[in-house]
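These protein sequences, in sequence, are chains A and B. Per this note's numbering, the first sequence runs over residues 1 to 437. Per this note's numbering, the second sequence runs over residues 1 to 482.
Among these hints, one or two may not hold up.
As the list claims (entries may be wrong) - Sample of chain A residues with no beta-carbon within 10 Å of chain B, all distances over it, derived:
#1 GLU30
#2 LYS332
#3 LYS418
Unchecked claim - Covered stretches of chain B, as calculated for chain A (at least 3 residues, CB under 8 Å):
#4 143–157
#5 195–202
#6 341–354
These are computed hints drawn from the structure, not numbers from a lab. Predicted model only: the values in this text are computed from it and were never measured. In this text, a Cβ means the ideal position worked out from N, Cα and C, and glycines have one as well.
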Amino acid sequence: MNLKEKLVSSFMAFEDTVDVHSSVHDIRTEAIKTFEAEGFPTKRQEEWKYTSLNSILKHDYSVFPKHENDLEFKDVKKYFIHDIDAYKIIFIDGKYASHLSQTTHDGLDVCLMSSALTKPKYKMIIDNYFNKIAGKDSLSSLNTAFSYEGAYINIPKNKVVEKPIQIIHFSTGNEAATMLQPRNLIIVNENAHVQIIERHQSLTDNPVLTNSVTEIFANKRAIVDYYKIQNDRQSATLIDNTFVNQKQESLAKVHTFSFGGKLTRNNLNFYQNGERIDSTMKGVTIIGDKQHVDHNTLVHHIEPNCESHQDYKGIYSDNSTGVFNGKVLVEKLAQKTNAFQANNNILLSDKASINTKPQLEIFADDVKCSHGCTIGQLDESAMFYLRSRGIPEKEAKALLMFAFSNTVLESVKIPEIKQRITKIIADKLGVSTGFDL
Amino acid sequence: MSKYTEDDLREELKTKEYEYGFYTDIESDTFPVGLNEEVVIAISKKKEEPEWMTEWRLEAFKAWKEMIEPEWANVKYEKPDFQAISYYSAPNTKPKYDSLDEVDPELLATFDKLGISLDEQKALAGVAMDVVIDSVSVATTFKKTLSEKGIIFMSMSDAIKEHPELVRKYIGTVVPQKDNFYAALNSAVFSDGSFCYIPKGVRCPMELSTYFRINQANTGQFERTLVVADEGSYVSYLEGCTAPSRDENQLHAAVVELIALDDAEIKYSTVQNWFPGSAEGKGGVYNFVTKRGICEKNAKISWTQVETGSAVTWKYPSCILKGDNSVGEFYSIAVTNNHQQADTGTKMIHLGKNTKSTIISKGISAGKSQNSYRGLVQINSRAENARNFSQCDSLLMGNDCGAHTFPYIEAKNKSAMVEHEATTSKIGEDQIFYCNQRGIDTEKAIALIVNGFSKEVLNKLPMEFAVEAQKLLEISLEGSVG
């Protein structure tokens, strides 16, 4: 039985256990039909031209992992941004881990998707928001069909959340291979402000496939600052589908730091449903070995006077491959749009490769859209400059790479994250920089 | 060739002979519509082709039958019915009109704007001309100069007969029969085309463009061009014409193959101004072309194109940079107006060491048109020190058109340097205001700005065509600004 058949048949067992009579149930049934019809994406599809899931899908994943809860905080402390006070929503093998978490209902909801989906008091919100912007592609549909657990965050009007929210998904690897499908719903109401950090982490070398969907609603003048830290083990695969719906004058920023994992695919989609919206998506990718990172972004400019900024940097060594597939779509109505897209890459090895496809689709005339994309090496003269001043080669290289990534790092608002990222990069490059960026 | 100017050309054209028998005279007949093996064999027979050529065509036809028409291009059109086309019609030797007065005045007005001489106008519009019997006809002079240098330049059908060894050696080596749907169709049924061979170390003394323009006959809808530049040779070739061509054939599926051997250089320029359909988007030519060149060591291929016509254009002149130190260039202006759709760009495949490629693409969309750039830059793992620079700029005029960019960049070598940049903008009101202020009306101002925008590409055209192409841009965009 291949994975697709397994998933479809497990769904039959699963659907009787959850929300049999609600509207969510209909959404699930619809979604599994889509998945059944389309199956997993293949390289024949334009969007998946450079990323093959074949080697990933051959494992026999357990779809409903057994409940394990014996993780102690000290064992996993290093995966937290622990030096700051934060709300925490922690999952172990897809199940909520209350002893590691810190949730709240006091003035804002930082809690669980499972309770939002089942408790009657959330019904209206679920009806209004759940699966409203998530894609109808096969992987998002698969997640929709199985969506049960994840983070549910609802920030009321005018609330500035004083501390960041950390969402961490651990997989213990108790089973030979695990598939996880977290589903997050984040609603940020008018004038509210929130910072969210998301991380997926496996604790053993057993293969994990995570197919995550996050829906983010940034209402009028809301500010959402979202950080994705992807530094998983080489056995883990992450398919992250994030959908951001923005209302007028809202500001949404997503930073993606991809350093780990066997295969990482980020589908990041912004929909601008209002005027004077600002969307920012930035990313740093530093990978080696046989890693594969694929960034697939979309900014859909629907209304006038909006802006979008994309800045993705990648450094690829060994046998790694990088993909950047960015799309800016400007509708006819979206006059005075400013859209910028940049993708810069450095190849450090002859076996590494990069495939990039920055696309513009423009239907409005009074716009300023540009994209730039480069592939190159570290600047030899800069290297010489550093070496001639007594900096060893490794450190000099690292310095140049930091400088290269700095346009992304400098817009990180939480200093602790910046430090953490700096440290990860330094570890990856095997240097001690002795300074903070 | 620097002394050869537009005036000289005009002078020569006045005295040139129109009917001079470039083609083998075939009785005028047309095949019944439809396509099957018999038709392919019949075409081959009609052209008195050797057996290997017939086999070659049949092979292509077999492959074509298995293929599906591609849909990935960013264009929408009604698919042609391949069984409703007649695949062979002999060149029409009978003039369409008896005098210029019968020709569509709109067409004549355009000729005037382009500055095309009266006699040439007649030729282009298909008007019967008095045969000027001149002992030194321009065309024959050209032919003599070329043959003295050992350059072979003739129609494909003649080449198959006269130089079968050359044709057989090179045809289908760059664009194989099975390359894609339209290339396969073309390989099976191509009616005619041109063959050009430049021997070792010869620098072709004239722009083959000039020669070609004078002799351009209706080569039909499935044209096949093969240009072979032997070691160390140079040739500049221009295809098409700035003058609008009212072609009846709706589907054009041409194949162009360029082969630049060691140290050779080919410069291939295209000006395409086929019938774009009416302002309401009715009719117009579908232009599905496969153009590709291969560069051996130190060779260079340069594609320059000005695309203003056709209802649907689907065209990607490409370079395979196989030899070390080879260079590929692509300069393009694509103008779409009204309901035109263009999906055009290039492929630069870097295989050899120190290969370089440059892509400059300018897209101008007006009216309700859609203009896409689609390009591929591929650096293979053995292509050390490969270098690419791409720039695609789009200019939008009006609020009903679209400009799209789909660049694919694949790098597999760490020493590769690839740069790509694209911008989309409109003509600034301040720019227009500046011109208006200085007494230049809006239409002229736009022409001025568009010319400035396209300059990098226009400069690459052979001199005499650059001037016409510039005017052509103006005409194509006429009335697009309200």
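Coverage assertion for the stretch 143–157 of chain B with respect to chain A, Cβ distance below 8 Å, three residues required: violated (count 0)
Could you check that no beta carbon of chain B comes within 10 Å of the beta carbon of GLU30(A)? holds, 27 Å
Given as non-interface: LYS332(A), which should sit over 10 Å from chain B by C-beta: Violated, since 6 Å does not exceed 10 Å.
Can you confirm whether chain A covers the stretch 341–354 of chain B, using C-beta to C-beta distances below 8 Å and requiring at least three such residues? Coverage by chain A is violated for the stretch 341–354 of chain B (0 residues, Cβ < 8 Å).
Would the least Cβ to Cβ distance between LYS418(A) and chain B come out above 10 Å? holds, 29 Å
Claimed coverage, the stretch 195–202 of chain B by chain A - three or more beta carbons nearer than 8 Å: With 0 residues close enough to chain A, the hint is violated.
Hint check: violations occur at hints 2, 4, 5 and 6; the rest are consistent with the structure.
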